[in-house]
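Student: Go by the hints and put chain B with the ligands onto chain A.
Chain by chain, the residues run as shown.
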Amino acid sequence: MTLKSNKDIPIGGLIDEAGSSKKFKTGDWRSFRPIWDKEKCIQCMMCLPLCPEDCIPSEGSGKDIKRKETDLEYCKGCGICMNVCPVKCIKMEEESKFTK
Amino acid sequence: MSKIKAVTGTGAGAEAMRQINPDVVPAFPITPQTAIMQTFATFVANGVVDTEMIRVESEHSAMSCAVGASAAGARVMTATASAGLALMWEIVGVASGLRLPIVMEIVNRALSAPINIHCDHSDSMGARDLGWIQIYSESAQEVYENSLLAMRLAEKVLLPAMVCQDGFITSHGVENVEVFDDKDVKKFIGEHKYPHSLLNVKKPVTHGPLQLQDYYFETRSQQIPAMDEAKKEYIKIGEELSKITGRKYGYFDEYNMKDADCVIVALNSTAGTTKTAIDKMRKEGKKVGLLKLRLFRPFPYKEVANALKGIKKIAVLDRAVSFGANPPLYGEIKNALYDVNYDGKLHSLVFGLGGRNIFVEDIEQVFDKMINDKLEEHGTVGLRE
Ligand code: SF4
Ligand code: SF4
Numbered sequence: 005m006t007l008k009s010n011k012d013i014p015i016g017g018l019i020d021e022a023g024s025s026k027k028f029k030t031g032d033w034r035s036f037r038p039i040w041d042k043e044k045c046i047q048c049m050m051c052l053p054l055c056p057e058d059c060i061p062s063e064g065s066g067k068d069i070k071r072k073e074t075d076l077e078y079c080k081g082c083g084i085c086m087n088v089c090p091v092k093c094i095k096m097e098e099e100s101k102f103t104k
Numbered sequence: 156m157s158k159i160k161a162v163t164g165t166g167a168g169a170e171a172m173r174q175i176n177p178d179v180v181p182a183f184p185i186t187p188q189t190a191i192m193q194t195f196a197t198f199v200a201n202g203v204v205d206t207e208m209i210r211v212e213s214e215h216s217a218m219s220c221a222v223g224a225s226a227a228g229a230r231v232m233t234a235t236a237s238a239g240l241a242l243m244w245e246i247v248g249v250a251s252g253l254r255l256p257i258v259m260e261i262v263n264r265a266l267s268a269p270i271n272i273h274c275d276h277s278d279s280m281g282a283r284d285l286g287w288i289q290i291y292s293e294s295a296q297e298v299y300e301n302s303l304l305a306m307r308l309a310e311k312v313l314l315p316a317m318v319c320q321d322g323f324i325t326s327h328g329v330e331n332v333e334v335f336d337d338k339d340v341k342k343f344i345g346e347h348k349y350p351h352s353l354l355n356v357k358k359p360v361t362h363g364p365l366q367l368q369d370y371y372f373e374t375r376s377q378q379i380p381a382m383d384e385a386k387k388e389y390i391k392i393g394e395e396l397s398k399i400t401g402r403k404y405g406y407f408d409e410y411n412m413k414d415a416d417c418v419i420v421a422l423n424s425t426a427g428t429t430k431t432a433i434d435k436m437r438k439e440g441k442k443v444g445l446l447k448l449r450l451f452r453p454f455p456y457k458e459v460a461n462a463l464k465g466i467k468k469i470a471v472l473d474r475a476v477s478f479g480a481n482p483p484l485y486g487e488i489k490n491a492l493y494d495v496n497y498d499g500k501l502h503s504l505v506f507g508l509g510g511r512n513i514f515v516e517d518i519e520q521v522f523d524k525m526i527n528d529k530l531e532e533h534g535t536v537g538l539r540e
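Top line first, the protein sequences correspond to chains A and B.
Quick note, the first sequence lines up with residues 5 to 104 if you use the working numbering.
Quick note, the second sequence lines up with residues 156 to 540 if you use the working numbering.
Hints in this document: simulated from the structure, not taken from any laboratory.
On a predicted model such as this, the values are computed, not experimentally measured, just so you know.
Here a beta-carbon is modelled for each residue, glycine too, at the ideal position from N, C-alpha and C.
Here are some chain A residues the structure puts well away from chain B; computed CB gaps all over 12 Å:
#1 Asp41
#2 Lys42
#3 Met49
#4 Leu52
#5 Glu63
#6 Gly64
#7 Glu77
#8 Cys93
#9 Lys95
Covered stretches of chain B, as calculated for chain A (at least 3 residues, CB under 8 Å):
#10 251-261
#11 353-365
#12 373-379
Chain B on its own, in the form it takes in the complex:
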């Protein structure tokens, strides 16, 4: 039996953490993530979970602590955003390099400067090459379910995972979230049996030794097939989770794509805004659709290409910039389409930096411009220029 709870996106993340009941949670507050740890700290204080919560002095320490605990064999979760992720950077790469299955909730927020506390994806997109699995969530419901999936997936393939949600938009907006039965979720999550525990005196191991020209390359290269494995396991574990939730966990969701001429590709909450615009425009007879990507790392190139190859016009919406290069999501979509000799029109639109709102009307305008061949190849939405 599931329960409907009125929670925010951060509350949904904390709910998942309550059910996962991690052994160790090192935490340092940062807006807009703080609410996750605040809620979770209440669970700890009330004895609802058995977690050892460690309040550290910085995010660098939070991730260091997560690495140590995970290497010891503990199930570990943490959360951060923006500058917090930037500060823990060094150890974020250590976690994946050491193949430690830590799950981190990311509440997407712009990076400084200028200092800003609102949503964009420059934090997690900046970390896209650090070897972590990245799952993006449209709603609080998805934050909750993706967190459960991420924990299983991380422990299965021994890679850390980030679960992303939009700062303030998702993190602080209250939604009805269907929370599934504790017993079912606990059964799904299962026991963490880490094979290389530092605390196993019968099988002593060393984590993190020096490797130079002789072995670094071999060790690093192992993360490539591990990501391939993660891609396969994501689907399998998602199918298992479906049995509890009744929902589907594909690499992406297709919304009104079957007969669509114009499609928007988006991540996180903007997918919701786009759906509203599509519903409205469909009533006007406009053939518009959405591809909402869920799994960004590993990136499902083949599947995305197959889904998009027949679409005449595509606009990729990025809430991050890669200065001097293509925006991150657009770059990946373009890569994917190269393999299928895509001959339609592909557009790149940067929007919403620093929390600049994107409205249903903005999305409608993008679609209308696309329909009338008025959309530039590289452009922006909502920017005064």
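So that you can see chain A by itself, here it is in the shape it has in the complex:
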């Protein structure tokens, strides 16, 4: 990303574009990666709203709602999902294991 000059940005650090946090990829903050056991998951939807990055996507709605794989571009590895999961189907593993 090219960084802008002080004349090309809004004053006061203002962000004048809605939804721009999508551009801010927090995935590289991660030192632990949540590994989700899809088979063990009871689709209780506890982890979704509690994820501070809102990076656990879902599909369907109502009773049929299902969580999907964590979006690693944004997951910062905080471990909240692991903590709140009632069936302990999320494990945190060292990120270094996955980087070559």
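Tutor: For chain B with the ligands alone, coordinates are given in the frame of chain A:
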């Protein structure tokens, strides 16, 4: 048509606020500022203004509230002094960093310790690098007019502004203040059209996001040209205000400076004391004068230097100390004079801390010592030492 009202300096500040009719005023009382908010609260209670007055639990909250309301697009004013300003410190910097045009009345009072409720400038001088415009006022009349000017200026350049007056000396002394016609003042103040309102759902914005090594520097640096802009606009808006008041709003006032050999530079009420001394000494044939600075931030270096460069002897009076460094006003004057290779005598005098009185005779003594080359380069007035 203007009216003459017998009011104190705090009353004059409240009068300006009545005419400005801010949307939001968050307030927390502190001596000697309390009288501003007390008077203004009466206006609110009597329905004279439409202001939403929010009584908060501390000055930190008062400024936080001012920041929130201002970001929402409201016209916001508040007032404080001394420890109150010290407590709101963190958010004072936020207000300027976010470029919010809040106007704050400062009733100058000493900082603790020792605890003291009387006048000196250690509160606002301590805040001089927080990115606020600072205008100093000699009298209640100036408090009133400077407040009107400050509101327009702040909203024009999107920087917050402080209007300073001397605690108790100005704030609690009754003067005849010429209050201008409500309609004329309201027309001058105009409507506040804040371009980045948080409440504008059609153009959503985020105020105050995190900026690290990548953007903080760029954002902060924008406040530098904004201050340059404030310096220019101060004069333009002042000229507009002159049309109503008939008075002038330069960066500073020159009193008997034309043929003066010895000049005192001072802020706020001490300028009045100095004028009295000058009037007396002029009758004795002594060539003495005064430069009363009005605008301290942004500092008018070039203009001050031009006004002072031909003066043989200058004494800068500071009602604040910068421990381990030059006193604030003296430091700026010395900076300004460097650029014009000043070769006269420059003196620094600290006086009046914690409300220690400065009398006409004290000023006369300073002038006499200057005339006779008996004044030290760095000294004090009124200190037992
Ligand atoms: S580790 Fe944290 S950021 Fe990542 S998915 Fe879990 S709750 Fe979200
Ligand atoms: S909290 Fe655990 S069980 Fe519930 S949806 Fe998330 S991963 Fe599945």
